[in-house]
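S.K.: Let the sequences and hints guide you as you build the complete structure.
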Amino acid sequence: MLDRFARSLTRVAAIAAVLLTATAAVGQTTYKAPRTSDGKPNLNGIWQALNEAYWDIEAHAAAPSSVPALGAAGAIPPGQGIVEGGLLPYLPAAAEQKKKNFENRLTLDPETKCYLPGVPRANYMPYPFQIIQTPKYIMMVYTFARAVRTIYMDDHQEAPADSWMGWSNGRWENETLVVDTTGFNGMAWLDRAGNFHSEALHVVERFTATGPDHLLYEATIEDKNVFSRPWKISMPIYRRMEKNAQILDFRCVEFAEDLIYGHLRKQPGN
Amino acid sequence: MNHRYVVIASRLIVVVAVLCATTSLAVAQTRAYRAPRTPDGQPDLQGFWTNTTYTPLQRPKEVTKELYTREEALEILKTAAALESEQTEPGTIPDVHYDFTQFGLDRNQGGLALNLRTSLIFDPANGQLPPMTEEGQKRNAARAEARKRMGGPTDAAQNQSLSVRCILMDRAGPPMLPGAYNNNYQIIQGPGYVMILVEMIHEPRIVPLDGRPHLPPHVRSLTGNSIGRWEGETLVVETTNFTDKTAFQGSSENMRLTERFTRVAEDRIDYKFTIDDPATWTRPWSAELPMQKTIGPIFEHACHEGNRGLSNTLAGARLEDKKRAEAAAGKSSQ
Chain A
686 MLDRFARSLT RVAAIAAVLL TATAAVGQTT YKAPRTSDGK PNLNGIWQAL NEAYWDIEAH
746 AAAPSSVPAL GAAGAIPPGQ GIVEGGLLPY LPAAAEQKKK NFENRLTLDP ETKCYLPGVP
806 RANYMPYPFQ IIQTPKYIMM VYTFARAVRT IYMDDHQEAP ADSWMGWSNG RWENETLVVD
866 TTGFNGMAWL DRAGNFHSEA LHVVERFTAT GPDHLLYEAT IEDKNVFSRP WKISMPIYRR
926 MEKNAQILDF RCVEFAEDLI YGHLRKQPGN
Chain B
970 MNHRYVVIAS RLIVVVAVLC ATTSLAVAQT RAYRAPRTPD GQPDLQGFWT NTTYTPLQRP
1030 KEVTKELYTR EEALEILKTA AALESEQTEP GTIPDVHYDF TQFGLDRNQG GLALNLRTSL
1090 IFDPANGQLP PMTEEGQKRN AARAEARKRM GGPTDAAQNQ SLSVRCILMD RAGPPMLPGA
1150 YNNNYQIIQG PGYVMILVEM IHEPRIVPLD GRPHLPPHVR SLTGNSIGRW EGETLVVETT
1210 NFTDKTAFQG SSENMRLTER FTRVAEDRID YKFTIDDPAT WTRPWSAELP MQKTIGPIFE
1270 HACHEGNRGL SNTLAGARLE DKKRAEAAAG KSSQ
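Residue numbers (the numbering used here), protein chains in the order written: chain A, 686 to 955; chain B, 970 to 1303.
Quick caveat, the hints were computed from the structure, so don't treat them as lab data.
Incorrect hints may have been included.
Stated by the list, open to error - Just a sample of chain B residues kept apart from chain A, beta carbon distances all over 12 Å, derived: (1) 1035; (2) 1047; (3) 1095; (4) 1108; (5) 1217; (6) 1227; (7) 1243; (8) 1247; (9) 1284.
Unchecked claim - One side only, chain A facing chain B, incomplete, derived with CB under 10 Å: (10) 727; (11) 782; (12) 785; (13) 824; (14) 837; (15) 840; (16) 846; (17) 851; (18) 934; (19) 943.
In this text, a Cβ means the ideal position worked out from N, Cα and C, and glycines have one as well.
M.R.: Quick look at the structure:
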C-alpha cells in the first residue's frame, strides 16, 4: 500500500519535473502569441514598462529630489530594480565614474538634454513605444526624443558606424524576438542615477509575449570596459490598452535649450 | 573646376536617365501598374525611397511652360549637378564645411528621378503659390515683428530657425520636400499602420489606418497629426493640428494637408500634396514630385546631439560682445 503510494508519488514528481523543464526551456511561459502573416509571434502594439528603473535600475530606497523646488512631487520613488542579483558588477574605476555621474546628474544625464536614450534605457523610460513588425524590418518608435530603432531581421551586418541607438540585428527563437545590438557611441546612460556604459556595450535583448497584453523583456549586458562580467535585467512590459493609444509628439529639444545654451544667451547691456 | 566631380556627375545622370524610363509623372500614371500587396491587402509601398530633386517649388520667372522636353530637363540636371559639385574647391572653406564627395551632400551622387515639371507646384497652373490673403499677410508681418523683438539671431538659441536648432528641418515636413541632403525615406507597413521613417533628424511618421479621429484641436504639434486611408491604389494621409510655429510657407496653424502616395512603378511612388488654408491663401494649392527607389539602410541622424554649430555660433557672438564692451570701456577711460 505504502509502496504503491510512493511509486505513484515518484511518477507524479517525474512528470512535474518534465513539465517544469519544458516550461523553463520556452522562456518561463507556455503562452503562444497570435501569429503575423509570416507565422511569427505578433508583437505589434504600443507598449510601456511600469517600474522605477528609469530612476535607477538597481534596487533603491526613496530619496529626495535633486531639484528642491519640486518637493515630494520630484522625489525619487523607491524601487526593487530590474538587475538580476541586485547590484551592477562595476570595475573599480567605473564605480568611481558612476559616483561622479550621480553627483553631477543634473548636468551630465543625457536625458535632461533630450539626447537619444540608447539601449536598453529607451525600453524602461516612462513613455510608451510602438513596435511595427514586418518580416525584414522591425521598427521600435519611442516617445522620448522621437527615437527610432530599426531591427534588421534579414540583412545582418556589423554596425557601419557608432550611434546612440546602436545597430540591431534580430532573429526569432521560437516565441522570442532576440535582438543583438552593438555599435554604440558610449555616450548614453542606463538611468537617471548615473549608471553608464562605454562604446564596447553589447546588448542581447529577448522580447517574449507572456500573454495577449504582456511581454517579458530580458537583456544581457556586456561591456568589458565598465563591468567585470555580463549581467542581466528583466521586467514585464505592458500593452497600452487605451482605445486611442498612440505615440504622441514629444519633441523635447526645445525643452532643453535653456539648459544647454542658456549660458550663451546675450546679457542685457552687452 | 574639379574634373573628377563632373565625371561622377555625368556618369550618374546616365544612370538616372536609364532608371527613369518614364518621362513625366503624368505619363507614368497612365501606365497600368498595380503595386504588389502586403499580406493584409494594402498596396505595397515598402522600401527605401528618395525625393531628391533640382526642381524648385515655384516656377522660375523666366520659364513659361509647365513641362520641359526630356532634352531640356537632362541639360538642366547636368548644369545643376556640375554647379553643385563645383562649389567645393579642395582647400577652400566650403570644402572643409561640406566636403560633398565625402558626405554625399551633392544631390546627384545618390541618384535622382528625372522630372519634366518646371515647378513642383502644378495647381495653380502658373506654378506659383496663390496670392496670400490679407489675414495671411498680417499674420506673417506680425511673426516677423515678433522675431525682431526677440533680438538678433545670435542673441539666444531660441532666436535661430527650427532647422539650425535641429528641431525640425524646414523641408522635412510634412509635406515631405527635399533639401540638399538626407532626402531618404524608409516605408514599412504593419497591420493597420504605415510607418515612414524620414532620414532628416530621424523623424518617425506613424500613420494609423483605422479611421480614428484626429486629436482634439487644442493638442497640436509642429508636424501635426496624421491619419491615413487607402483610396484604391493610393494612400491618402490627412494631417491637421499643426502649430503657429510650423508656418509652412507662411501657413496658419489651421492648415489642412492632404498627401497622396501612389506607387506607379516598381521603382517609383508619385507623391502629391494639397494645402488647404483659407486663412493664408486665396485658394488651395497642390504640388507633386516623384519618390525614386534607392538603397538602404537609413542611418541615425542625431542632429541635436551633435549640434556643435549652434554652441559655437552663440559662443562666438558672446566673444564679440565682450570685445565690444572692452573696446567701449577702453575708449571711455581715455
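S.K.: Look at each hint and say if it fits the structure.
M.R.: Each hint, compared with the structure:
1. 1035: It holds; residue 1035/B is separated from chain A by about 37 Å at its closest Cβ, greater than 12 Å.
2. 1047: holds, 31 Å
3. 1095: holds, 35 Å
4. 1108: holds, 21 Å
5. 1217: At about 16 Å from chain A, residue 1217/B clears the 12 Å cut-off, so the statement holds.
6. 1227: Given that every Cβ of chain A is farther than 12 Å from that of residue 1227/B, nearest at about 20 Å, it holds.
7. 1243: Residue 1243/B clear of chain A: closest Cβ-Cβ about 23 Å, beyond 12 Å.
8. 1247: Answer for residue 1247/B: holds, closest chain A Cβ roughly 25 Å.
9. 1284: With a cut-off of 12 Å, residue 1284/B comes too close to chain A, as the shortest Cβ separation is near 6 Å.
10. 727: holds, 8 Å
11. 782: With a minimum Cβ separation of about 20 Å from chain B (threshold 10 Å), the hint on residue 782/A is violated.
12. 785: violated, 21 Å
13. 824: Hint on residue 824/A: holds, closest Cβ of chain B at ~6 Å, below 10 Å.
14. 837: holds, 7 Å
15. 840: holds, 8 Å
16. 846: Holds, because the Cβ-Cβ distance from residue 846/A to chain B comes to roughly 7 Å (cut-off 10 Å).
17. 851: Holds, because the Cβ-Cβ distance from residue 851/A to chain B comes to roughly 9 Å (cut-off 10 Å).
18. 934: It holds, given that the least Cβ distance between residue 934/A and chain B is near 4 Å, below 10 Å.
19. 943: holds, 8 Å
Hint check: violations occur at hints 9, 11, 12; the rest are consistent with the structure.
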